[in-house]
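Chemist: Build out the structure end to end from the sequences listed, making use of the hints.
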Amino acid sequence: MKSRNPALSIVAILLSIVVFLVPFAFILLTAAKNRQEASRLDFTWPTQFQFVQNFVDVVQARDYMLIIAFINSTILTVASVTIMVVLAAMVAFVLQRRRTRWTGLVNFLVLSGLIIPPAVVPTIWVLQKLGLFRTMPGLILVEVAFGLSFCILLFRAFIATIPRELDEAAIIDGAGPLRLFFRVVLPLLKSVIITCVVVQSVTVFNDFVNPLYFLPGDQNATVQLTLYNFSSSYSTQYNLLFMDILLITIPPLIMFLFFNKRIVAGMTAGAIKG
Amino acid sequence: MKRRQIGLAVLSAAALALSACSAGSLGSSDEDSGGGKVTLSFLTDNQPETVKIAEGLAKDFTAKNPDITINVETRPQGTEGDNVVKTRLSTGDMTDIFMYNSGSLMQALAPQKNLTAVDEFADKLDDNFKKSVGSDGKIYGVPFGNYMAGAILYNKEVYDKNGLKVPTTWDEFMSNNAKLKAAGVDPVIQTYGETWTSQLFILGDYYNVEASTPGWADQYTKNQAKYATTPAAKAGFDHLQEVHDQGYVNKDFASAKLTDGLNKLAKGEGAQYPILSAMLSQLIADNPGTENKIGLFAIPGTDAAKNGLTVWAPNGLYIPSSTTGDKLAAAKKFLGFVASPEGCESLGKASQPTGPYAVSGCKLPDSVPQAVKDMQTYIDKPGASGLALEFLSPVKGPALEQICVEVGSGIRKSDAAAKLYDEDVKKQAQQLGLEGW
Amino acid sequence: MEARPRTSVAGPVSSGRKKSPYSSWFYLPAAIVYAVLFLVPTVTSFYFSLTRWSIFDSQFIGFDNYVTFFREPALVSGLWHTVVYAVITSGLKVVLGLGLAVLLTSQIIGRGYLRSVVFFPVLVSTIGVGLTFTILMDPEDGLINESLSLLGIQGPGWLTDPSYALLSVALVDVWKGVGLATLIYIAGIVSIPQEYFEAARVDGATAWQNFRSIVLPLARPATFTVILLSLIGGLRSFDLIWAMTRGGPGFTSDVIASVIYKQYQAGFYGLSTAGNVVLFLLVTAIIFPLSRYLNSREVDL
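Chains as they are written, first to last, in this note's numbering: chain A, 362 to 635; chain B, 2 to 438; chain C, 17 to 317.
Simulated from the structure, these hints should not be mistaken for laboratory data. Note that the Cβ used here is the ideal one computed from N, Cα and C, for glycine as well. Be a bit skeptical, because a hint or two may be false.
What the hints assert, rightly or not - Cβ-Cβ distance ranges computed for the label pairs, FRET-style:
#1 B:Q220 - C:L183: 42 to 52 Å
#2 C:P209 - A:A521: 14 to 24 Å
#3 A:D403 - B:A330: 30 to 40 Å
#4 B:G362 - A:L614: 53 to 63 Å
#5 A:L375 - C:R217: 24 to 34 Å
#6 A:P524 - C:P233: 50 to 60 Å
#7 B:K166 - A:L375: 51 to 61 Å
#8 B:T378 - A:W406: 31 to 41 Å
#9 C:I48 - A:P524: 50 to 60 Å
#10 A:D403 - C:L234: 43 to 53 Å
#11 B:Q113 - A:Q414: 46 to 56 Å
Modeler: In structure tokens:
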């Protein structure tokens, strides 16, 4: 629609470097410095690289806490996103396909789940009654409960585009509800599932609030909590703090590199429909 | 095909979910392996000096008792850590032993319900400490660390260079500050990058409150005395405001951290730092050769004749009631070790002792830093030292640090701050179910 | 609430068909998790907010917690800050997101790179971003103020000056979140049929006229989405504020979510839950009418 505008392009690229790349470069450079140099907080090239040394120090800190945190975060992310996606797809499928007197209520609850801030202490109280407070399964279920709404909305919009004739053909072939869903519908949802998995994985992996409330304590910390706790004990060792930040940025970076196009496509498809 | 894949994913996720990794499950630690061996878990805060002491005690204890291993776990400091301790106690999965404040914070743990009484160590502990870990005539902990003072650490070289004398009244203190400022030194160091450090002018002033109105703590507990209406108590807030209004604080007070403050003091960029004397060990560790350069004086009040030091009892080591059987026996053995001269020795090895011991039979080494000698002078003089309010009353509001930061940054005036803190305290008193609130 | 799935399993509710291929029990697993961990806490929070609640027991005290909440300046200011924070972040995300989207859908050099670099912060850990910017915004040694001083500008104490702290955190929030707003706008603009632009070109419209009379009205659904998402996020915001200022200095950047956490830390569970209810009411009072209004406007189009 417009012709190329080199001046504008150059300004935009320069600005993007200052605003978006410099902070990441700062993380990278500080993570490679030694303690004294890092403490000056300058944006300079390290006089001596101790990238590997800092990496080893951070990983070994407090009895390999970071490794444990990465394992915990991985378990949390994989388990909660898997459960969330399957349950949400089931709800979205029935919700979209069949109108009953419950449909209105379900829609209302789904929207509420997106909007209403969770009540923290009562959730802890419920988890305590169930014996799930301060346990990984407890936190996984909490993440599932809080993330369901978003997935349901995304899936419902997508399922609406799948022709009903497909269902009917399968039913005539004698498929029950389970087979219909798992063998016919779910495979068709592949692209939206990928979007949902990527978005929710990043959300859960980066989640700080829920582990803070529902899985407190050092001994089963997730990476975000570990980073947060390190920030007080590393208050004078910025090189290690930034190495930690760098390591925690890598999983989302990988997600981003692999799924950049898909996230954009999927999110926008969902976004237009509201 | 698809279905099987998803089924597999769910299954493996469920299998993973069954067990979360916990710290210590990688690396050096061993699980209980029978044969009379016991492994105890020990929760402490994550301050580097504390961790050093905890690990030192654990190591020295295991050297003497090879059957008992102790794994140190850490938690955040401050209110965040309080919360970790409270929730872990309430859900019954506290570590086998844990370190926590003595005094009002310890009282808030409902010791009768949640802790195991350890009266067998009573005769080894000094009276002030017993008071601060006691409830209903029983004692629940042994000291982890030394007595400390909430006082002003000062750089002696800077004082000498400017021909200053240790102040015994607030007015003398302020005139010293004027001279220091004229000489181009930051008179008072404040470090609101770590909010708890802002409270010393109020908490460390309690000796002066008690000196002017004896028995204030009791009235305070009964809701009969207030910060806003007791001039001597409000003085702490006033002082904080004066120091800010006169421009006596370091320029970066709002963002500086504890470490920055200690280094400034050690290097003489700042002359005086109101802080807990226990921070001295970090100062010396980070700035070797400063043992005799840093002195200590009590936060001055109105009357030179009633000048004295506000003292904090050491933190305590406690056993939660969830620890039972072999572990309980082993945990008691560990507490017994800590409350013995050997324990004190281990403590002193791990970190520079910065105040008197609360365990009988423990003596400070002859070569202690100057500030500790200064502290000892107050303690040895009858009536020249007293416990801080948090050891005399269970009432302590959670927002004091933010309120102090506000006063010290000129956001709120001292009168309003004292009133606000009285409100803050009310919540705590009601929550504890105290009478008269 | 929990009874819902059970009754629908017991007997087919709809029409006369014997067995629907869309079984209502598909709702069941999600409904259980959602009801137990979301609905029950939300509903009981109304009761617990009326109690003095310690670890072990709760005692009914009527509306005392709310009285405390609205009488203490430190708490009530959190309410105000929450609204300010949400409005600022939401407003900036709309303006900047739209601007960037227009830029990034035009024929600009390095478009792919720019889109990626604007979007990437959305995926990065909030805590990491918060800690990084806390250091970049250090009043003395921070990169931002050092750079400003090279230009001869004395930068403010971004996070330490009471009048800037909340604003600074909001700016970082925008930095991190504007990519998502941009993405939604790009989707909105791309879906505008090309015929509009061609017709405009025939009429000799300027770029500004294009923007005013085509992009702005036709990207309205995207604007609604951005406003709603960023308001919901802004009102509930906690991570970034906690990582950067913990509500300080003093209480000047406290929002309701951080007040809730502080009261929880202090062991005032009843008061904390009252804060939760206040937040609940605030969010629903703003979002539900707003979304109804925006939806009605959307239908008008």
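Chemist: Determine for every hint whether it applies to the structure shown.
Modeler: Structure-based check of each hint:
1. One distance hint, 42 to 52 Å for the beta-carbon pair Q220 (chain B) and L183 (chain C), holds here, with the actual separation near 43 Å.
2. The hinted range of 14 to 24 Å is satisfied by P209 (chain C) and A521 (chain A), whose Cβ atoms lie roughly 22 Å apart.
3. Taking 30 to 40 Å as the suggested C-beta distance range, the pair D403 (chain A) and A330 (chain B) does not conform, at roughly 55 Å.
4. Under the hint 53 to 63 Å, the C-beta atoms of G362 (chain B) and L614 (chain A), about 58 Å apart, fit the expected range.
5. Look at L375 (chain A) against R217 (chain C): about 30 Å separates their beta carbons, and that is inside 24 to 34 Å.
6. Between P524 (chain A) and P233 (chain C) the Cβ separation comes to about 32 Å, which falls outside the hinted range of 50 to 60 Å.
7. Restraint check, K166 (chain B) to L375 (chain A): a C-beta distance of roughly 59 Å satisfies the suggested window 51 to 61 Å.
8. Restraint check, T378 (chain B) to W406 (chain A): a C-beta distance of roughly 52 Å breaks the suggested window 31 to 41 Å.
9. Taking 50 to 60 Å as the suggested C-beta distance range, the pair I48 (chain C) and P524 (chain A) does not conform, at roughly 31 Å.
10. Restraint check, D403 (chain A) to L234 (chain C): a C-beta distance of roughly 47 Å satisfies the suggested window 43 to 53 Å.
11. Range check, Q113 (chain B) to Q414 (chain A): about 50 Å between beta-carbon atoms, so the 46 to 56 Å window is met.
The structure fails hints 3, 6, 8 and 9 (numbered hints given earlier, in ascending order).
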